[in-house]
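Participant: Just so you know, the protein sequences line up as chains F and Y, in that order.
All the letters of the first sequence, read from the start, carry residue numbers 1 to 387 under this note's numbering.
All the letters of the second sequence, read from the start, carry residue numbers 388 to 646 under this note's numbering.
Note that these hints are calculated values from the structure, not bench results.
C-beta atoms are modelled at their ideal positions from N, C-alpha and C, and glycine is treated no differently.
Some hints could be false.
Derived Cβ-Cβ restraints for the label pairs, each shown as a range [unchecked claim]:
#, chain 1, residue 1, chain 2, residue 2, range
1, Y, D639, F, R258, 35 to 43 Å
2, Y, G645, F, P263, 26 to 34 Å
3, Y, R545, F, T96, 43 to 51 Å
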Amino acid sequence: MAEREAEHSDDAAVINRAGVAALLQALVDSGHHLVGPTVRDGAIIYTDITGLTDLPQGWTDRQAGGSYRLERRGDAALFGYAATPQSWKRFLHLPTVRLWRAERTDDGFAISEAPEPARKIALIAARACDLQAIAIQDRVLQGGRYPDPGYAARRRDIFVVAVNCGSAGGTCFCVSMQTGPRVRSGFDLALTELIDGDRHEFLVEVGSPGGAALLAQLPRRRAGGDDVAAAAAVVARTAAAMGRAMPRPADVPALLRRNLEHPRWEAVADRCLSCANCTMVCPTCFCTSVEDTISLDGRTAERVQRWDSCFTMDFSHVHGGSVRASPRSRYRQWMTHKLSTWWEQFGTSGCVGCGRCITWCPVGIDITEEVAAIAASDGAGGARGTP
Amino acid sequence: MPAARRPKLAVWKFASCDGCQLTILDCEDELLALADAVEIAYFPEARRGQIRGPYDLSLVEGSVTTPHDRERIQAVRRASKKLVTIGACATAGGIQALRNFADVRAFAAAVYASPQYIETLSASTAIARHVPVDFELRGCPIDKTQLLDVMTAFLYGRKPNVPAHSVCLDCKREGNLCVMVAHGTACLGPVTQTGCGVLCPSHNRGCYGCFGPKETPNTAALAAWLRRLGLGDGEIMRLYRTFNADADAFRDESRRHGP
Numbered sequence: 001m002a003e004r005e006a007e008h009s010d011d012a013a014v015i016n017r018a019g020v021a022a023l024l025q026a027l028v029d030s031g032h033h034l035v036g037p038t039v040r041d042g043a044i045i046y047t048d049i050t051g052l053t054d055l056p057q058g059w060t061d062r063q064a065g066g067s068y069r070l071e072r073r074g075d076a077a078l079f080g081y082a083a084t085p086q087s088w089k090r091f092l093h094l095p096t097v098r099l100w101r102a103e104r105t106d107d108g109f110a111i112s113e114a115p116e117p118a119r120k121i122a123l124i125a126a127r128a129c130d131l132q133a134i135a136i137q138d139r140v141l142q143g144g145r146y147p148d149p150g151y152a153a154r155r156r157d158i159f160v161v162a163v164n165c166g167s168a169g170g171t172c173f174c175v176s177m178q179t180g181p182r183v184r185s186g187f188d189l190a191l192t193e194l195i196d197g198d199r200h201e202f203l204v205e206v207g208s209p210g211g212a213a214l215l216a217q218l219p220r221r222r223a224g225g226d227d228v229a230a231a232a233a234v235v236a237r238t239a240a241a242m243g244r245a246m247p248r249p250a251d252v253p254a255l256l257r258r259n260l261e262h263p264r265w266e267a268v269a270d271r272c273l274s275c276a277n278c279t280m281v282c283p284t285c286f287c288t289s290v291e292d293t294i295s296l297d298g299r300t301a302e303r304v305q306r307w308d309s310c311f312t313m314d315f316s317h318v319h320g321g322s323v324r325a326s327p328r329s330r331y332r333q334w335m336t337h338k339l340s341t342w343w344e345q346f347g348t349s350g351c352v353g354c355g356r357c358i359t360w361c362p363v364g365i366d367i368t369e370e371v372a373a374i375a376a377s378d379g380a381g382g383a384r385g386t387p
Numbered sequence: 388m389p390a391a392r393r394p395k396l397a398v399w400k401f402a403s404c405d406g407c408q409l410t411i412l413d414c415e416d417e418l419l420a421l422a423d424a425v426e427i428a429y430f431p432e433a434r435r436g437q438i439r440g441p442y443d444l445s446l447v448e449g450s451v452t453t454p455h456d457r458e459r460i461q462a463v464r465r466a467s468k469k470l471v472t473i474g475a476c477a478t479a480g481g482i483q484a485l486r487n488f489a490d491v492r493a494f495a496a497a498v499y500a501s502p503q504y505i506e507t508l509s510a511s512t513a514i515a516r517h518v519p520v521d522f523e524l525r526g527c528p529i530d531k532t533q534l535l536d537v538m539t540a541f542l543y544g545r546k547p548n549v550p551a552h553s554v555c556l557d558c559k560r561e562g563n564l565c566v567m568v569a570h571g572t573a574c575l576g577p578v579t580q581t582g583c584g585v586l587c588p589s590h591n592r593g594c595y596g597c598f599g600p601k602e603t604p605n606t607a608a609l610a611a612w613l614r615r616l617g618l619g620d621g622e623i624m625r626l627y628r629t630f631n632a633d634a635d636a637f638r639d640e641s642r643r644h645g646p
């Protein structure tokens, strides 16, 4: 997939609902498994889908701290909702993956590595924050000296159909994190849903040669200036409707660095359940641990890698006990890494402003509110401490 | 196999429903391998005979509720090299620990025609309150996979893979939708130790806390949120006071919301 910046260029086209159906079918025909949004159990989730009829037509969500409700829209929008409960992370950086298995032999043991997955997947309706998160996980999981081969294999062949958000959620804050709502890179095709009275069309922009080739197969018309303007208006309207904002995002890394002993950490720890939900739903949190098991007869052994979290005691357990024994230190570790030390480690923020950690925190802890509280009494904890 | 002599296993019952012992028999596919790996020396649910102690590994089900139990657990401990408690009764007093919040004599009078013959303690308590315990396996009932892992860990001298983190973490790994956030259903998952395979939330039910408090449980913060969801003190008290009623964190929180 090309990483070039998309522009409202000459190759933009307009398709209708039938065009979206044709797009999905063309992807299936070219050997892709479709993973996209659908309504299940009272939410719009990313899962395996088969085509247009699985899309959450006419549905949206109402999100707030610790609360998500599925609601009907007044129209037939296919993509009229905000962030899903979980991100694409679970399809690229799997929650559980067997790394290897060993069998005892007569003179030792033989190791068999897990087979690489053959699934070629197409991500349907990825948002700007989602794509920024994938770019961050790319850097973490395959950008260094020791790339994760499973991630790299799953990542390599994905086809990305992005969607510029036409609806901002109550916990969205991508505008302040400068990650959305318009997709900039990391996609093959990008759709903007245009609904106005009887009109229901999609502006399609091309992000890669593969995207251009696919678009050429679809029933479409060339995009005019009006279409491009209408799409820009959709994005502008979404940008103006953000449910949240990260206060002074450029100052946050330094703000947190000099407030490691701020009393707010204690206050948030009083509410924090250290349940790890925020890290699980975060599209960039990448931590895992491995677990070794042996069969009862001692003939086989396995090593399994699982999503783990800095909110568990075991995660920071070293000789003598957990380094971060208090929920205060664990929350502080998570937030300062996400917003501050991530810059030093990977050159970006670890936060893309999707708001999932706010919505899916069982007690509605809000990362933007916590930053605002620290900013409001900058230096209240006295001299800086050590993390 | 790790040893020439098979370790001797004993399974003991105290005040309990036998469900955790039956979990051993539920290991259908692994039962023969288990019988190969250990000598089942004492297990009344499974065999009539008894091989004398001492035992290499004792699994203890049930809580201490009678003066006789109180003596017997000392003898079990003396006869056991390693002692592992299995289930909520043995680890936190079980559902019968509801007596700890009431007058057990009133219960006995309500249930039995001649309560004067009932010799019972005023509280149902965990095994660890009476003797040193090497490992506590949680659950009502225990989870078969965790039990096999604990047995395997014992056989090979490694640490059991029994995490102390929340149910939520496994709900998210499984891809379950959060029933509390998305449906407003009261759920103890954020304060409960994982291990059940996220059974209830996988069926759109809130967690009942069968595996007891997780590490560093913030029961008060969850209770405050449950109140916002519309639960009253009585409901919050009952939520925390079930199978693990006498586990420290759940007991203390339930007392903040009821008698």
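Participant: Hints first: check each against the structure and report whether it holds.
Facilitator: Against the structure, the hints:
no. : hint                        : in the structure
1   : D639/Y - R258/F: 35 to 43 Å : holds (37 Å)
2   : G645/Y - P263/F: 26 to 34 Å : holds (33 Å)
3   : R545/Y - T96/F: 43 to 51 Å  : violated (20 Å)
The structure is inconsistent with hint 3 alone, although it conforms to all the rest.
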